[in-house]
Amino acid sequence: MDEPLLRIVDVWKSYEDLQVLKGVSFELAERDVKVIFGPSGSGKSTLLRCINMLNPPDSGEIYLRGDNITAPNVDLNAIRTRIGMVFQHFNLFAHLKAIDNVSIGLRRVKGLEKQEARRKALEALNRVRLAEWADHYPAQLSGGQQQRVGIARALAMEPDVILFDEPTSALDPELIGEVLQAMLDIAKAGTTMVVVTHEMGFARAVASEMIFLDDGVVIERGTPEHFSVSPKSKRVKRFLNQLDVLYGSHEKLLKLSEEEEGK
Amino acid sequence: MLFQTELEFIGMGIVNSIIIFPISIYIMRWYSKKKDMPHIQLWDTSLKTAYKVSLVWLMVNILIGILFNTFAKNITIYFLIQYYVYMIIDLFIGTIVVKSIYKKELGESFMFVFIIQVILFGIGLIIGFITVLLLGYIFPEVSDVFFFVLEFGLFFTLLITASSLLIGFAIGISLAIMRVYGGKELHWLSSGYEKLFRGIPLLVLIFIFAFGFPGLFWYLESLDRLLASVIMALGLRSGAYQSQIFRGAILSVNPGQMEAARSVGMNKIQAFRHVVLPQALRLAVPGWSNEYAVVIKDSSFASAIGTFEMTFIAYIWGLRSVELFTLSMGVVAVLYFLFTFPVTRLFGERQTKKLKKLGMGGG
Ligand SMILES: Nc1ncnc2c1ncn2[C@@H]1O[C@H](COP(=O)(O)OP(=O)(O)OP(=O)(O)O)[C@@H](O)[C@H]1O
Ligand SMILES: [Mg+2]
Numbered sequence: 001m002d003e004p005l006l007r008i009v010d011v012w013k014s015y016e017d018l019q020v021l022k023g024v025s026f027e028l029a030e031r032d033v034k035v036i037f038g039p040s041g042s043g044k045s046t047l048l049r050c051i052n053m054l055n056p057p058d059s060g061e062i063y064l065r066g067d068n069i070t071a072p073n074v075d076l077n078a079i080r081t082r083i084g085m086v087f088q089h090f091n092l093f094a095h096l097k098a099i100d101n102v103s104i105g106l107r108r109v110k111g112l113e114k115q116e117a118r119r120k121a122l123e124a125l126n127r128v129r130l131a132e133w134a135d136h137y138p139a140q141l142s143g144g145q146q147q148r149v150g151i152a153r154a155l156a157m158e159p160d161v162i163l164f165d166e167p168t169s170a171l172d173p174e175l176i177g178e179v180l181q182a183m184l185d186i187a188k189a190g191t192t193m194v195v196v197t198h199e200m201g202f203a204r205a206v207a208s209e210m211i212f213l214d215d216g217v218v219i220e221r222g223t224p225e226h227f228s229v230s231p232k233s234k235r236v237k238r239f240l241n242q243l244d245v246l247y248g249s250h251e252k253l254l255k256l257s258e259e260e261e262g263k
Numbered sequence: 001m002l003f004q005t006e007l008e009f010i011g012m013g014i015v016n017s018i019i020i021f022p023i024s025i026y027i028m029r030w031y032s033k034k035k036d037m038p039h040i041q042l043w044d045t046s047l048k049t050a051y052k053v054s055l056v057w058l059m060v061n062i063l064i065g066i067l068f069n070t071f072a073k074n075i076t077i078y079f080l081i082q083y084y085v086y087m088i089i090d091l092f093i094g095t096i097v098v099k100s101i102y103k104k105e106l107g108e109s110f111m112f113v114f115i116i117q118v119i120l121f122g123i124g125l126i127i128g129f130i131t132v133l134l135l136g137y138i139f140p141e142v143s144d145v146f147f148f149v150l151e152f153g154l155f156f157t158l159l160i161t162a163s164s165l166l167i168g169f170a171i172g173i174s175l176a177i178m179r180v181y182g183g184k185e186l187h188w189l190s191s192g193y194e195k196l197f198r199g200i201p202l203l204v205l206i207f208i209f210a211f212g213f214p215g216l217f218w219y220l221e222s223l224d225r226l227l228a229s230v231i232m233a234l235g236l237r238s239g240a241y242q243s244q245i246f247r248g249a250i251l252s253v254n255p256g257q258m259e260a261a262r263s264v265g266m267n268k269i270q271a272f273r274h275v276v277l278p279q280a281l282r283l284a285v286p287g288w289s290n291e292y293a294v295v296i297k298d299s300s301f302a303s304a305i306g307t308f309e310m311t312f313i314a315y316i317w318g319l320r321s322v323e324l325f326t327l328s329m330g331v332v333a334v335l336y337f338l339f340t341f342p343v344t345r346l347f348g349e350r351q352t353k354k355l356k357k358l359g360m361g362g363g
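In the order they appear, the protein sequences are chains L and V.
Here this note's numbering is used: the first residue of the first sequence is 1, the next is one more, and so on.
Here this note's numbering is used: the first residue of the second sequence is 1, the next is one more, and so on.
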C-alpha cells in the first residue's frame, strides 16, 4: 500500500476572527523534500505549527504514516517526537551547551542513558559539522552555528519528518550558506523535510515539489523547474521576481559551498 | 535550648567557609586562566568544581562541628584555638570525603582545587590570628562585642535567614507557577496571598505568630517556639516577595523556549522542569540575592520578642552603658553590612553579567 508519510487534508485555521489557512492539502512521500513559499502573512508558519500540533487546526486532518494525529485522544507528545521542528529564531535552550541541547530530548523524552544520549547527540552534531563546538553555549556560537545545532537537535530524535520554518531568514547573508549546506546534506541523506524558505537555490537542488501559498490558499504547485521556467499565476511570477532581487545572491553562496565540497 | 554549645563553632565554620568560598573561586579562576590548565580550561568547569568542593566542605564543616562539640566539650581552651583544631580535623576529613566522591572525574583538577583550599586555609588561619590578637590588643571592647555577637548571635541570624528564605522559596515558587500557568482560581489565590502578606508589617506578623496563636508550635520549648514564630513570619512574607521574583523570571524566559521543548516531545511539565525553570532560576538570582539581604536584615525584628540573634545579643551587651550601646550597635551594623553587601554584589552583579553572556532573558 502507498500511504504517504505525511498527508494533510483540507486544513483550516483561524486566530480569533482572522482566517489564516483556508483548506490546505498536500502529501509528502518518504525521503521527499517539500518547499513551501509565499508572501509574509500567508500562513506558512501557521501551517507548520498545525502539522506538529503546536497550534492544532480548526478542521481538517493530518496523517503521519497513516495515523490521524488530529484525532482526539492522540498522545501529542509522542507524535511530536516523530516530527522535528527547526525554528526561524533557532530557539536553542539558552542554559544548555550545544551537546545538551541536542541530547536533552533523547534523555528526557526517549529515556536514553546519559552516555548513549551523548553519543547519539555527538553523531547528530557531527552531521552538521559542529562536533568540535559541542561544549559551547548557544550565545557563544554564531547564528549559523546555532541554527545547525537546531537542526542537529531535530535530527537526533530520528523523526519521520523535519519541519523548517524559514531557517535562514534571521541570519546574516554570510552565514546562510553553511546552514543551507547542512540542510542539503541531510536532505541528500534521505531525511524527509517540509521547508518554508525563499532560498530558490536550495529548492532547486533538493525539492521534489514546491507549493506557493498565498492568503491561506495553495495558489500553485509544481517542480522547481516548473516555477523557474513557466509559473502560471501572475501572483507567483511577481513574487518570484521580487525574490530574485532580494535573494539572488544567496544562490551563489550555496553553489560556492557545493563546489567546495566537490574539491 | 537548641544547639546551645555547638552554635559558636558552627557559626565560625560557616563564616570561614563563606569567606574562603568566594576567594578560592576567584583565585582558581585567575590561576586557571593564567596557566591555561588542561583540566580547567573553561572557567565554567573550574567554577563547578569549586562549588562542589566548597559545598562538601561546608557540610563537613557543620557535621564535624557538631561531632567535635558533642564528644570533646570539656577540652575547651580558648574558643579560637578549639575552632582551629576542629578546622584542621575538618580539612582532613573533608579531603577524604571530597576525594572519594569526585575521584573519577576530577583527577588532577581536584588536587589543584584542594591545594588552593589548603593554602587559603593557612592564610585564613594566620590572618585570623593576627586580626584577633591585634583587635583584642588595640580595641579590647570592640573585639569583645564582636566575638560575643558572633558567638551567640550569628548562628541564629543565619538560621533564621536560611530557614525563612527556604520557606519563602517553596511558597514563592509554587505561587509563581500557580500564577503563570494556573487557572483563574489559582491566579486569584496567589495574588491574594501576595497582597495580604505584603500589606502586613513584619512586626505585626511576628507578634501574631508568637503571641496571637500560642498553640501554634506547642511541641517546641518556649524559646524555640519564639524562634519558630519569627521564621514563620519572615518565611511567609518572603514567600509573597519571592513569588513576584519568580513570576517575573518565568515570564521573561522567551516563549520560544517552551515551544522548542514541546517540539522535541516534552510534555508541559518536562518542558517547565528542564527548560523554563532552570532559566528562570538563573534569571531570578539577582532579585533573589536582594531578597536575601532584606530577610537577613529583617531577621533583627526577632529581637522584639527576645529571640537570640545578632541584634538582640548586641542589645543585651549594650544595655550596660550608653557608650557600650553605641559601640555594640556600631559593631552589629558593620556585621550586617558584611553579610549583605558582598553577597548581593557577588550574586547580583556577577549573575547579571553572566546572564548577558548567555543571552538570556530577552536581553
Ligand atoms: N498567535 C497568533 N495570534 C493571532 N494572529 C496570528 C498568530 N500567529 C500568526 N497570526 C497571524 O496569522 C497570519 C499568518 O501568520 P503566519 O506567521 O503563519 O505567516 P507566515 O506566512 O509565516 O509569514 P512570515 O513570512 O511573516 O513568517 C498573519 O497575519 C499573522 O499576523
Ligand atoms: Mg513565518
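Please keep in mind that the hints were generated in silico from the structure rather than gathered at the bench.
Even for Gly, the Cβ is constructed at its ideal location relative to N, Cα and C.
Each hint should be verified, as a subset may be incorrect.
Cross-link-like lysine-lysine pairs, in silico, DSBU-like; alpha carbons within 35 Å at most [to be verified]:
no.	chain 1	residue 1	chain 2	residue 2
1	V	268	V	353
2	L	110	L	232
3	L	97	L	234
4	V	268	V	357
5	L	97	L	110
6	V	354	L	120
7	L	114	V	195
8	V	297	V	195
9	V	297	L	114
10	L	120	V	268
11	V	354	L	114
12	L	97	L	22
13	V	353	L	22
14	V	268	V	354
15	L	22	L	234
16	L	97	V	357
17	L	120	L	110
18	L	110	V	357
19	V	354	L	97
20	L	120	L	97
21	V	356	L	97
22	L	120	V	184
Ranges between beta-carbon positions, derived for each pair [as the list claims (entries may be wrong)]:
no.	chain 1	residue 1	chain 2	residue 2	range
23	L	123	V	278	18 to 28 Å
24	V	142	L	132	42 to 52 Å
25	V	195	L	19	38 to 48 Å
26	L	215	V	170	50 to 60 Å
27	V	252	L	18	20 to 30 Å
28	V	196	L	3	23 to 33 Å
29	L	27	V	278	20 to 30 Å
30	L	126	V	200	35 to 45 Å
31	V	252	L	173	53 to 63 Å
32	L	234	V	278	30 to 40 Å
33	L	123	V	333	30 to 40 Å
34	V	215	L	72	47 to 57 Å
Partner residues aside, some chain L positions facing chain V, computed with beta carbon under 8 Å [stated by the list, open to error]:
no.	residue
35	26
36	108
37	111
Against the structure, the hints:
1. 268(V) <-> 353(V): Roughly 30 Å separates the two Cα atoms, so the pair holds.
2. 110(L) <-> 232(L): The hint is violated at about 46 Å.
3. 97(L) <-> 234(L): 47 Å, violated
4. 268(V) <-> 357(V): 27 Å, holds
5. 97(L) <-> 110(L): 19 Å, holds
6. 354(V) <-> 120(L): Roughly 30 Å between the alpha carbons, so the hint for residue 354(V) and residue 120(L) holds.
7. 114(L) <-> 195(V): 44 Å, violated
8. 297(V) <-> 195(V): 22 Å, holds
9. 297(V) <-> 114(L): Not satisfied, since the Cα-Cα distance of roughly 44 Å exceeds 35 Å.
10. 120(L) <-> 268(V): 24 Å, holds
11. 354(V) <-> 114(L): Given pair residue 354(V), residue 114(L) holds - Cα atoms ~27 Å apart, limit 35 Å.
12. 97(L) <-> 22(L): 41 Å, violated
13. 353(V) <-> 22(L): 47 Å, violated
14. 268(V) <-> 354(V): 27 Å, holds
15. 22(L) <-> 234(L): Distance of about 20 Å is within 35 Å: holds.
16. 97(L) <-> 357(V): Answer holds: residue 97(L) to residue 357(V) is near 13 Å, not above 35 Å.
17. 120(L) <-> 110(L): It holds: about 12 Å lies between the C-alpha atoms, which stays within 35 Å.
18. 110(L) <-> 357(V): 31 Å, holds
19. 354(V) <-> 97(L): 14 Å, holds
20. 120(L) <-> 97(L): Status holds; Cα separation ~15 Å.
21. 356(V) <-> 97(L): 16 Å, holds
22. 120(L) <-> 184(V): 43 Å, violated
23. 123(L) <-> 278(V): 18 to 28 Å: With Cβ atoms ~25 Å apart, the hint holds.
24. 142(V) <-> 132(L): 42 to 52 Å: Given range 42 to 52 Å: violated, Cβ gap about 58 Å.
25. 195(V) <-> 19(L): 38 to 48 Å: With a Cβ separation near 42 Å, residue 195(V) and residue 19(L) satisfy 38 to 48 Å, so the hint holds.
26. 215(L) <-> 170(V): 50 to 60 Å: 51 Å, holds
27. 252(V) <-> 18(L): 20 to 30 Å: For residue 18(L) against residue 252(V), whose Cβ atoms are near 28 Å apart, the range 20 to 30 Å holds.
28. 196(V) <-> 3(L): 23 to 33 Å: 59 Å, violated
29. 27(L) <-> 278(V): 20 to 30 Å: 40 Å, violated
30. 126(L) <-> 200(V): 35 to 45 Å: Between residue 126(L) and residue 200(V), where Cβ atoms are some 59 Å apart, the hint is violated.
31. 252(V) <-> 173(L): 53 to 63 Å: 31 Å, violated
32. 234(L) <-> 278(V): 30 to 40 Å: Violated, at about 51 Å.
33. 123(L) <-> 333(V): 30 to 40 Å: For residue 123(L) and residue 333(V) the Cβ distance comes to about 60 Å; the hint is violated.
34. 215(V) <-> 72(L): 47 to 57 Å: About 52 Å separates the Cβ atoms of residue 215(V) and residue 72(L), which means 47 to 57 Å holds.
35. 26: 21 Å, violated
36. 108: Check passed: Cβ of residue 108(L) comes within 6 Å of chain V, closer than 8 Å.
37. 111: 11 Å, violated
Of the numbered hints given earlier, the model fails hints 2, 3, 7, 9, 12, 13, 22, 24, 28, 29, 30, 31, 32, 33, 35 and 37; all others are met.
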